[in-house]
Each structure stands twice: as structure tokens, then as C-alpha cells.
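Spelled out from the first residue to the last, the chains are:
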Amino acid sequence: MSEYAVQITRLSYSYPDGTRALDGIDFDVRLGERVALVGPSGAGKSTLLLHLNGVLRGSGTVRIMGRSLAEGDMRQIRRQVGLVFQDPNDQLFCPTVFEDIAFGPLNLGVPPEEIPGRAAKALRDVGLEQAMRNRSSHHLSLGERKRVALAAVLVMEPAILALDEPTSNLDPRNRRHLIELMAALPATLVLGTHDLEMVLALCPRTVLLDRGKIWADGRTEELLSNAQLMEAHGLEVPLSLRPRS
Amino acid sequence: MKHSFIDRYAELDSPLHALEARTKIVGFTALTAAVLMLPPAAGTSFLLFFFLVAILMGVSQIPLEFIAGRTLMILPFVLLAAIAAPWRNDIGFAWFSALLTRSLLCLVFLVLLTNTTRFAELLRGLRRMGVPRVLVLNLGFLYRYIFVLADEIMRMRLASECRRVGRLPLRRELSLLTSMLGTLLLRSFERAERMYQAMLSRGYSADFPVAAPRRFSWRDLVFLFLVALFLYTIGRTSA
Numbered sequence: 001m002s003e004y005a006v007q008i009t010r011l012s013y014s015y016p017d018g019t020r021a022l023d024g025i026d027f028d029v030r031l032g033e034r035v036a037l038v039g040p041s042g043a044g045k046s047t048l049l050l051h052l053n054g055v056l057r058g059s060g061t062v063r064i065m066g067r068s069l070a071e072g073d074m075r076q077i078r079r080q081v082g083l084v085f086q087d088p089n090d091q092l093f094c095p096t097v098f099e100d101i102a103f104g105p106l107n108l109g110v111p112p113e114e115i116p117g118r119a120a121k122a123l124r125d126v127g128l129e130q131a132m133r134n135r136s137s138h139h140l141s142l143g144e145r146k147r148v149a150l151a152a153v154l155v156m157e158p159a160i161l162a163l164d165e166p167t168s169n170l171d172p173r174n175r176r177h178l179i180e181l182m183a184a185l186p187a188t189l190v191l192g193t194h195d196l197e198m199v200l201a202l203c204p205r206t207v208l209l210d211r212g213k214i215w216a217d218g219r220t221e222e223l224l225s226n227a228q229l230m231e232a233h234g235l236e237v238p239l240s241l242r243p244r245s
Numbered sequence: 001m002k003h004s005f006i007d008r009y010a011e012l013d014s015p016l017h018a019l020e021a022r023t024k025i026v027g028f029t030a031l032t033a034a035v036l037m038l039p040p041a042a043g044t045s046f047l048l049f050f051f052l053v054a055i056l057m058g059v060s061q062i063p064l065e066f067i068a069g070r071t072l073m074i075l076p077f078v079l080l081a082a083i084a085a086p087w088r089n090d091i092g093f094a095w096f097s098a099l100l101t102r103s104l105l106c107l108v109f110l111v112l113l114t115n116t117t118r119f120a121e122l123l124r125g126l127r128r129m130g131v132p133r134v135l136v137l138n139l140g141f142l143y144r145y146i147f148v149l150a151d152e153i154m155r156m157r158l159a160s161e162c163r164r165v166g167r168l169p170l171r172r173e174l175s176l177l178t179s180m181l182g183t184l185l186l187r188s189f190e191r192a193e194r195m196y197q198a199m200l201s202r203g204y205s206a207d208f209p210v211a212a213p214r215r216f217s218w219r220d221l222v223f224l225f226l227v228a229l230f231l232y233t234i235g236r237t238s239a
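Chains as they are written, first to last, in this note's numbering: chain A, 1 to 245; chain B, 1 to 239.
Bound conformation, chain A alone:
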């Protein structure tokens, strides 16, 4: 088995309107590693995440758990890569929370009688009450919806978890809960985010993406405390890394 969860070589992608979103990306993630993708808005973070499970296909090669997307079984790839979207309203499209959580496993051929048990575990894992299963996603707060979106992916037991702006629009308490939750997950983690304090708390490695290219790849603290680099790419050194005056 490959020691890499993700291996991407010379990946380029342009949207139909001609916008070049990714430009020759080389990017590897080892099994069990936690990596943050940081960069300004429009840097290509979401586009790169959408390539991890083959929803978008650019030129170049993407290998997941050693297997190329081009030749791999897509069902297997989507079982291995769980993608959590930035806006939970995009991801929770079923009439009830339970059906949203059941959607992925049923598509992957999990027997229907196993679903209630797996859904209950997923809700427990994200710290939500079982009574929530019959509610409509629209009744939930944003924090709860984000957790349900995560549960809907965790229930597929992915080896790689890719999250797009997981803490955006969350209040401090919900943000803290979500960070603790992610810290406890055993999966390989790829986070696309602007939340640099969260990156410091969760990811030993950070990749800086801007205008579709990788500009830096290294240890999180070193990279995020490089003021010149951060400012050149529309970011700022996190407060916790700034020298106290």
C-alpha cells in the first residue's frame, strides 16, 4: 500500500469561462498527515479540493491511496475521500438529517439495515443528539448544519477528509467544538481555509496557494510567521505568532 494518501502531479484546471484556477500543481499528502491549504479568496483552494474525489478533472495526474483517478473505481475513490463543502446548504439536500446522513452509504451499497446504526454513530461522533435525525436541515443552526454535513461524510468512513472553510461563519463556541472534533479524527486531513489560528491548532504542515500555484510548502509555524510571504499573498501573520510589543 502507498505511503501517500494524495499524490498530485502537474495538475492544471481552467473553468469553462477561461479562468485558470490551477496551474501546474504538485502536491503530496502522506497517510495520516494533516495539511492546511491557505491562500487568499480565489486562490484555487476549493477547486483543488474538488479534484481530490474526481468531481472536477483537470490535466495532470491525481492519485488517491496510490491509485490514479483516471483508472480508479470512482465509487471506491468517493468512499475514500470525504469532501465537506463550505456552505452546508449545498451539501444537505435531503428532507431530513437522517436521510442526508444515509445518502452516501446507501449510494455506496451499504445494506439499508446497517444504516440506522451507522447514522447514530455519525451523529454521536459529531456531538449531536439522536433526536435531531428526523429534523429538516433548515430547522438547524449553522453550527448544527456544519456538524451534520461532517456527519454525512464521516458516516462513509473516509480515509481522507477534505474540508473547505470548515469554520467560516461559526461563532467562537461552535468553532472551538468543530476544531476539537477535527483534532480527534483519525483520518488524513486536508483543510482549505482562511482561519490561520485553526491551522496552527490542527495542521503541522501548510501549503500556500495563490493564483492557482503553490508558493510555499512547509512547517506551519515557520510559514505563517513569515510576514513578507504572508503579505505578498494577501494574508497576515496570525495574532498568536506576532511578537508582543
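None of these hints come from the bench; they were simulated from the model. If you're wondering where the values come from, they're calculated on a predicted model, not measured in any experiment. It cannot be assumed that every hint is accurate.
Rough simulated footprint, nothing fancy, chain B against chain A, three-plus residues with beta-carbon under 8 Å [as the list claims (entries may be wrong)]:
#1 70–79
#2 92–104
#3 185–193
For every residue, glycine included, the Cβ atom is placed at its ideal position computed from N, Cα and C.
The hints should help you fit chain B onto chain A, whose structure is shown.
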């Protein structure tokens, strides 16, 4: 933002709520069809229907004012359609009152059906009764996203209110409304793209599988038998 849901009382625990969705779909559709087929002069039968509606409303435990509110909300449209009837011919008034009565009964049946069955179960029932998958899928999306769209409209209206004082000339108001609708259409289109990507990400191929549906039980048989008995009595009364 908060919205009123069409299945607001579907979580109650009454004998009507305990029935399987298909049973209620069949039962209420049969009752609705029977009401529509009653001749305008069948006064006793209409009374029997009101009696049945009173029993069902009591059993369902749904607050009376909610049912009345929902029913009366639609009534102006019915009145609009029926208003010309009394002057049309000799039986005009009978036709008018029959139309009003029928509409009232049908609306109460609809409110009872949608508020004793969670929308998801209703969809599941329709699917299991052979309604095409795509239609059921779209109804599900409609229920899920109508509130998201309503939120977006409310936010756009708020944003527009914040940047003006008082009313604008009608032409400007209309032009503003048009551009809001256009923006909403574009946003919906983009959201649909993202939703589809989210569906693909969780292994969607072409089918929408269903987990753990409610099972058909003796209660469902009893309900269907009672509906059939009632319809038989109505048939005998109005014959």
C-alpha cells in the same frame, strides 16, 4: 430567518400520525375524490363529511386554529372562482355553496394529510406508490430549498431597504424586483451546480435510495376499512 413549514405538526403522536404514508395518501385521495363527485344537492352527505372531518381533526390533535388558518388562507381564491355562479342560472346558488363546501373539505383533507405525515415520509410514500423518481426527487428539493430561496429574497430585500428611504417610483420598484429575481435565478443556478457536486462526492449515480421506511400495520388496514365503509355509506345516502 424563520419560516412556516407545511408539515409543522407532523411530529405529533396521534393515531393518524402513526399510519403509513401510503395509507393516508390513498385514504385522503379517495375522500377528496368522493367530495368532488357529490352532486350539489346532496346536503346530508356533505353533513356526514363535516362530521368525519370533525372526528379526524380531533383524532389528529392538530390545533383547530392552525387548520382554520391554513384553510381560510386559500379560500379567497376559491371565492374568486365561484363568485359569478349565483347569477349564472337557476341552480347558481346551490352550485356556489357546493363549490365552497367542497373546497373547504378538500383543503382540510390536504392540511390533515400534510400535517400528520412528515414531508419526507410523504415523498417516500409517493415513491413506493410508483410516482416517477425524478418527480419525487424534485419535490424533495423544492421542500428543502424553498426556505433557502426565501431567506435569500429576504436578505436581498433587507439590503435594498438599508440603502434607500421610503418608496421608489413604481417603475423603479419593478426594475428592482426584476433584477432581484434575476440575481436569485443566477444564485440558484450556481447553488444547483454545487449541490450536484456534493451529491457526486457522496457517490450519487442516478438513484435516490431510501433507508428504513415506516411499515404497513394493522392500523393502516383499519383506517382504510373505515374510509371504505364511510364512502359506501355516502354512496347509499346520496343515491
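> Are three or more residues of the stretch 185–193 of chain A within 8 Å, CB to CB, of chain B?
Replying inline: With 0 residues in contact (Cβ-Cβ under 8 Å with chain B), the coverage given for the stretch 185–193 of chain A is violated.
>> Cut-off 8 Å, C-beta pairs, minimum 3 residues; does the coverage of the stretch 70–79 of chain A by chain B stand?
In response: holds (count 3)
> Within the stretch 92–104 of chain A, is the number of residues with a Cβ closer than 8 Å to a Cβ of chain B three or more?
Replying inline: holds (count 10)
Taken one by one, the earlier hints fail for this structure only at number 3.
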